[in-house]
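2 protein chains.
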Amino acid sequence: MEMKTIDIKIKKAEERSYSIAIGSGFLARLPEVLKKDYPASSYIIIADAKTKNLFGKRLLLGLRQAGCKALLLSVPVGEGSKSQKRKTSLEEAMLKAGIDRRGVVLALGGGVIGDLAGFVAATYMRGIPYIQLPTTLLAMVDSSVGGKTGINTFHGKNLIGAFHQPKAVYADIRTLRSLPDTEIRSGLTEAVKMFITSDRESFVFADVHLAKALAKDTGILAEIISRAVRIKAGVVERDERESGERMVLNFGHTIGHAIEKLFTYTLLHGQAVGVGMLAEATLAHRLGALSPEDLALIRGMLKRLLIPASLLKQFAPEAVIAATKGDKKSVGGQARYVILKKIGVVEIKHGEFVQAVEDGEVAQAIRNI
Amino acid sequence: MEMKTIDIKIKKAEERSYSIAIGSGFLARLPEVLKKDYPASSYIIIADAKTKNLFGKRLLLGLRQAGCKALLLSVPVGEGSKSQKRKTSLEEAMLKAGIDRRGVVLALGGGVIGDLAGFVAATYMRGIPYIQLPTTLLAMVDSSVGGKTGINTFHGKNLIGAFHQPKAVYADIRTLRSLPDTEIRSGLTEAVKMFITSDRESFVFADVHLAKALAKDTGILAEIISRAVRIKAGVVERDERESGERMVLNFGHTIGHAIEKLFTYTLLHGQAVGVGMLAEATLAHRLGALSPEDLALIRGMLKRLLIPASLLKQFAPEAVIAATKGDKKSVGGQARYVILKKIGVVEIKHGEFVQAVEDGEVAQAIRNI
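Protein chains in written order, with the working numbering: chain A, 1 to 369; chain B, 1 to 369.
Chain A on its own, in the form it takes in the complex (with noise of 0.2 Å):
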């Protein structure tokens, strides 16, 4: 018999344009605003067990104040958290409470919280809604907006998750006051990041503001985290599923990712991805694309942000080449990197942002630090 084929073409594109609001103090108000223009059968606070209790408890009340069904579900503070097992149990109790498909997801925390609870949204169901409510300096600049959700397995992190949007952002710098030095160095880190790839002036200007940022000074934080967040949407806009460009968001990362797993995740994100980026950036020097000075410009900036070069040390190169190897940008099992051509401009190659390098190249930049 003769072979029929039929066609499917599915032309819509569903809507995935959203806002991300920065400000001060905000989060009082944040029940009314999300009844008026996020309404929903049930919303559903996801929150670490320290979010929960400074912001968390606040929220569900304010929700029920206003009229609205809601419900506070916490895990553990901590990189674990981001497990199926954690996943399986915000399911569970997700499930159990009756929340159907108009059930909205609020992601009330860091980084992991927002990875989790966005991947739980992105498969309950199906696919629910959810909203980014940030209390991190790195999930504000960086995490919460972009729409990449996820859980780590024993072999690497982000292995398993989902793109999904969030439809709002609401980044309340008031929240930052509780924050840790350390925490607020390592989203620091991550703004710093962005602007290495795709920003000088930016850069700049974090260079010339660092003291009063890490001293919580709320302008200074708010524009950093505006700027970062301007780069960050620029680059998803362009290439959600990063298939090109967004890879340029990993500089760092591939040393970086490594280093967390080598250290079993007990670094802080910003501070692994720190030492990769100047790990990344000694790579590039060596590989003739980073000029000297620029290189000594982003040492400068990483030592005041008190990077832990030593960490490296640690480890053999080899070791840390190993661990680079399960990373998602690789291909063939070969690790690929950012390369910086200067502060504010990655390599591109063939049209490609991210780079294969011999092995014996990265283990002599790791040396070189």
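Rather than coming from a laboratory, the hints here were simulated on the basis of the structure.
Incorrect hints may appear among the rest.
Quick partial rundown of chain B residues pointing at chain A, CB under 10 Å, derived from the structure [unchecked claim]:
1) V77
2) R101
3) F119
4) V145
5) T149
6) H164
Below are the SDA-like pairs computed for lysine to any residue, each with C-alpha atoms no more than 25 Å apart in a straight line [claimed, not checked]:
7) B:K85 x A:T153
8) B:K85 x A:G326
9) B:K313 x B:Q334
10) A:K212 x B:R86
11) B:K69 x B:Y18
12) B:K9 x A:A356
13) B:K69 x A:A356
14) A:K96 x B:R86
15) A:K4 x B:D207
16) A:K85 x B:G98
17) A:K4 x B:E92
18) A:K35 x B:T5
Covered, in the sense of this in silico footprint (three residues per stretch, anywhere, with C-beta under 8 Å from a C-beta of chain A), are these stretches of chain B [stated by the list, open to error]:
19) 86-98
20) 122-133
Keep in mind the model is a prediction, meaning the values are calculated, not measured.
We put the CB at the ideal spot given by N, CA and C, even for glycine.
Use these hints to put chain B onto chain A, whose structure you have.
Structure of chain B alone, referenced to chain A:
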């Protein structure tokens, strides 16, 4: 401080159009087709213990002979494999084998395998491509097309999952040769469901040619499959995410899923849906929407498909209704129904394709069968 707002506009719809090929005996040529049209760093064949032996091993060998890397993973036969546990084991096996983002999953089997393998592909490294290779009539007419993937939980079927469209569907009718008659009837029941809701002329075609179809006549089966797939493709094109029209395909499924749940998923899906169709057609008649003549036509067809109407008598109507409450179409704990107006046409009220119905009406309709 004033609030800053940054907008993110994700414009580019990813390419999610694809073809469904229906023919006989082309499975042997598939490795060359895949190699040419869907190049991959590795092909991951996911099968159940039965399809692994019937077709999987040969496909694995063929891919390797064509010079491709390939891997064959299997799960036990049956609905029980649509579980988080099996999903996690498949992911672990893929990660261990070093499958990267350029891997392509081949879902070789019936609906269980398509849903499970599709969901694995949906979340592996935030989504990799997959191709449906349905080997049951039910999967060919229905589940392999449309991108619904997922697993079951204690609380109900398909409650965790994703919309993830396959890159292609290849339905080789020759694989149906070994399929038991009950499975053929189960598949025909789903095809008839689509005709009942959307295409009276195809309902008549199926009615006239039912004996040949039941005897696995290749030409008739191909015609029924392509008619059903054409209806489904049209609906999915217009409403991928089941926010409206696509819910029409749930005719028979509100009660069908409840019955499956009451029988702890030991029934064939098509049988449960057949019983559900009978109940929901009776409900439509009771509500004054469906004529007695059309109800009789539907009853006659379902009888020839050996739908075991008596299953409904094993539970009190109240128990059936209670089991519908967790349905994904529910809003505020109230199950909703596709109401037939006549064969080929469903009721649309206030733009909604599903309607809330009082529990008492549903109970009476179940008693009336």
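Numbers of unmet hints, in rising order: Numbers 1, 10, 12, 17, in rising order.
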